[in-house]
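Peer 1: Chains as they are written, first to last, in the working numbering: chain G, 1 to 353; chain R, 1 to 262.
In short, the hints are calculated from the structure, not lab data. Glycine is no exception: its CB is placed at the ideal position from the N, C-alpha and C atoms. Don't take each hint at face value.
Simulated crosslink set (EDC-like; lysine to aspartate or glutamate; CA at most 16 Å straight-line) [what the hints assert, rightly or not]:
(1) Lys317/G - Glu349/G
(2) Lys293/G - Asp314/G
(3) Lys301/G - Glu343/G
(4) Lys60/R - Asp214/G
(5) Lys346/G - Glu300/G
(6) Lys60/R - Glu343/G
Ranges between beta-carbon positions, derived for each pair [as the list claims (entries may be wrong)]:
(7) Lys243/G - Pro86/R: 26 to 32 Å
(8) Pro215/G - Asp249/R: 45 to 51 Å
(9) Ser17/R - Arg234/G: 50 to 56 Å
(10) Asn154/R - Ser55/G: 26 to 32 Å
(11) Ser353/G - Gln155/R: 52 to 58 Å
Chain R side only, calculated, beta carbon under 8 Å to chain G, not exhaustive [what the hints assert, rightly or not]:
(12) Cys16
(13) Thr18
(14) Tyr20
(15) Arg31
(16) Ala46
(17) Ile47
(18) Asn63
(19) Ala78
(20) Met81
(21) Cys84
Chain residues, written in single-letter form:
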Amino acid sequence: MARVLMKGNEAIAEASIRAGCRHFFGYPITPQSEIPEYLAKRYVECGGTYVQAESEVAASNMIYGAASTGTRVFTSSSSPGISLMSEAISYIAASELPVVLVNIVRAGPGLGGILPSQGDYWQATRGMGHGDFRILALAPSSVQEAADLVVEAFDLADKYTNPVMVIGDGIIGQMMEPVEFKAERDPSTLPKHEWALTGARNREPNIVTSLYLDPHELEAMNQRLYVKYQQMEREEKRWEDYKIKDGMQLCVFAWGTVARICKTAIDELNNEGYTIGLVRPISLYPFPMEAVKAAADKAEKLMSVELSTGQMIDDVKLATGRDCAFYGRQGGIVPGPDEVKKEMVKVIEGERS
Amino acid sequence: MTVQTIFSRPDSLRECSTHYCPGCTHGISHRLVAETLDELNLRERAIGVAPVGCSVLAYKYFNCDFAEAAHGRAPAMATGMKRCKPDNIVFTYQGDGDLASIGMAEIIHSANRGEKITVIFINNAIYGMTGGQMAPTTLPGQVTSTCPFGRDVNQAGYPIRVAELLSTLATPSFIARGRLDNPMGVASAKKLIRQAFQYQVEGRCFSLIELVSTCPTNWGISPQKALDWSRTDMLPFFKTGVFKSPDDDLPAFKSPEFAGVK
Numbered sequence: 001m002a003r004v005l006m007k008g009n010e011a012i013a014e015a016s017i018r019a020g021c022r023h024f025f026g027y028p029i030t031p032q033s034e035i036p037e038y039l040a041k042r043y044v045e046c047g048g049t050y051v052q053a054e055s056e057v058a059a060s061n062m063i064y065g066a067a068s069t070g071t072r073v074f075t076s077s078s079s080p081g082i083s084l085m086s087e088a089i090s091y092i093a094a095s096e097l098p099v100v101l102v103n104i105v106r107a108g109p110g111l112g113g114i115l116p117s118q119g120d121y122w123q124a125t126r127g128m129g130h131g132d133f134r135i136l137a138l139a140p141s142s143v144q145e146a147a148d149l150v151v152e153a154f155d156l157a158d159k160y161t162n163p164v165m166v167i168g169d170g171i172i173g174q175m176m177e178p179v180e181f182k183a184e185r186d187p188s189t190l191p192k193h194e195w196a197l198t199g200a201r202n203r204e205p206n207i208v209t210s211l212y213l214d215p216h217e218l219e220a221m222n223q224r225l226y227v228k229y230q231q232m233e234r235e236e237k238r239w240e241d242y243k244i245k246d247g248m249q250l251c252v253f254a255w256g257t258v259a260r261i262c263k264t265a266i267d268e269l270n271n272e273g274y275t276i277g278l279v280r281p282i283s284l285y286p287f288p289m290e291a292v293k294a295a296a297d298k299a300e301k302l303m304s305v306e307l308s309t310g311q312m313i314d315d316v317k318l319a320t321g322r323d324c325a326f327y328g329r330q331g332g333i334v335p336g337p338d339e340v341k342k343e344m345v346k347v348i349e350g351e352r353s
Numbered sequence: 001m002t003v004q005t006i007f008s009r010p011d012s013l014r015e016c017s018t019h020y021c022p023g024c025t026h027g028i029s030h031r032l033v034a035e036t037l038d039e040l041n042l043r044e045r046a047i048g049v050a051p052v053g054c055s056v057l058a059y060k061y062f063n064c065d066f067a068e069a070a071h072g073r074a075p076a077m078a079t080g081m082k083r084c085k086p087d088n089i090v091f092t093y094q095g096d097g098d099l100a101s102i103g104m105a106e107i108i109h110s111a112n113r114g115e116k117i118t119v120i121f122i123n124n125a126i127y128g129m130t131g132g133q134m135a136p137t138t139l140p141g142q143v144t145s146t147c148p149f150g151r152d153v154n155q156a157g158y159p160i161r162v163a164e165l166l167s168t169l170a171t172p173s174f175i176a177r178g179r180l181d182n183p184m185g186v187a188s189a190k191k192l193i194r195q196a197f198q199y200q201v202e203g204r205c206f207s208l209i210e211l212v213s214t215c216p217t218n219w220g221i222s223p224q225k226a227l228d229w230s231r232t233d234m235l236p237f238f239k240t241g242v243f244k245s246p247d248d249d250l251p252a253f254k255s256p257e258f259a260g261v262k
């Protein structure tokens, strides 16, 4: 396949087609509206379904219904819309159905703004809705990786019969980069699900529910989900090590596009004689605890850089049991490499924590 | 003398007892839907969607594929199902709190998109499962646990007439209201339900059948008095009939000539 220059949101949309998905239910919201716009045309051309729902609440319940029939289904939104979807995602996780959703995060809280942010890290990694559940959360740092992770997300959703979120900041959605797509998956080759609601022909009726009035039955369901989450934690941790070596002065932790800014800063500082490495978690849940700990063990100091007031830093501290410096910008402001360099040097020189 | 079976449980109902209160009309409504599925040979194609409310456990009583929706979201869930599986027969079964309060956006937009689904709407003018609170369909002056002095229309407004409301939409649909307070009413309601499913089989339109129902427990009266009250007090406000049919003329409109991108 030839490389093409595409906007992140369009690449994400196209990747869902390559994954064999033909059904999208969504609602427009900046900065991800190119995804529904792209699919309104492409899914219909492919003989699929595009439905513009009346709200994110409805859209997320449409994907709940679609997934219950064993159909590959996709939605996308941005932060305030994802909050509205969190109710249905809880039901979908409880009902153990595969769905893929994309969150192109914008700055909040509240209506906030429309510029990039990483302020939804906690929401993505801490279950996002009511009740005791987790979703797989995958964070790309390039348009290519966004396209690849969307395809992978559909297979992971099927593997775990669980919602999978691809979470990118507004930069991922809006920037253009070259991308090469995998071969398109023939929808007829997708796995068939025994639990799907397709009509009780020559079998007992299938039931999709999240209601368990008997506390013992509900606890058994909670335990069944927990077994899946343990398997995710064993098998689905993804991360990138960058310039990690023994005796580093500083190990930086950053996800998404912020990691790319940090890499530029690290390259320049290492050329100036500093020794700095970086771990970029790709799976935010499950968080790559061991990889973060292993890299941290090689560094004198630790630092988390985020587009928030500090959310992933909690996981870094849990993984390492150590203090960790923090630098973040909020409101949609993205720091440049020079700004990040200054802060890294301050941490190394002991001028800030 | 030969023994002949002239009345039996429909195949579309499971052989089990329900949790519904004695005298509640849910049993009649379940049976009418199940008889229709049997008669139109739809049981093996059917996917039902249960609401949150008294009929939250409907999936345990119907003998077909079923899902349990979030509160008010059954029409959205049914939309997702029907769009992915157009050959299946998708129906929701919802009460007045679920459909006319928290789920008002979902029902209006499903109807307006013309989703080819069938909605059975149980209107008993009260919240049953949560213990008798005011519903959007509670009658003016009707006493419930959250309007202990009677529904005050100056504060809570008038009851919402869902069938009339939905029938104002331009999108073709089949919208009707039936009654369950006497055998003739039940027979008429059955015809409406059957017509609604038939339209879905033909892929014609969205349909909603509102059934004026009872809640003896939370109304605090006997089943017989509850049927009487539904007749004397509910029916004057919630009139029965067909409010909209897919054969109705569409409102006239002129296609705008777009200057922009086609």
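Peer 1: Against each hint, give a clear statement of whether it holds in the structure.
Peer 2: Hints versus structure:
no.	hint	result
1	Lys317/G - Glu349/G	violated (21 Å)
2	Lys293/G - Asp314/G	holds (13 Å)
3	Lys301/G - Glu343/G	holds (13 Å)
4	Lys60/R - Asp214/G	holds (14 Å)
5	Lys346/G - Glu300/G	holds (14 Å)
6	Lys60/R - Glu343/G	violated (61 Å)
7	Lys243/G - Pro86/R: 26 to 32 Å	violated (54 Å)
8	Pro215/G - Asp249/R: 45 to 51 Å	violated (56 Å)
9	Ser17/R - Arg234/G: 50 to 56 Å	violated (45 Å)
10	Asn154/R - Ser55/G: 26 to 32 Å	holds (30 Å)
11	Ser353/G - Gln155/R: 52 to 58 Å	holds (56 Å)
12	Cys16	violated (13 Å)
13	Thr18	violated (14 Å)
14	Tyr20	violated (15 Å)
15	Arg31	violated (17 Å)
16	Ala46	holds (7 Å)
17	Ile47	holds (5 Å)
18	Asn63	holds (6 Å)
19	Ala78	holds (6 Å)
20	Met81	holds (4 Å)
21	Cys84	holds (4 Å)
Hints 1, 6, 7, 8, 9, 12, 13, 14, 15, counting from the list given before, are not met by this structure.
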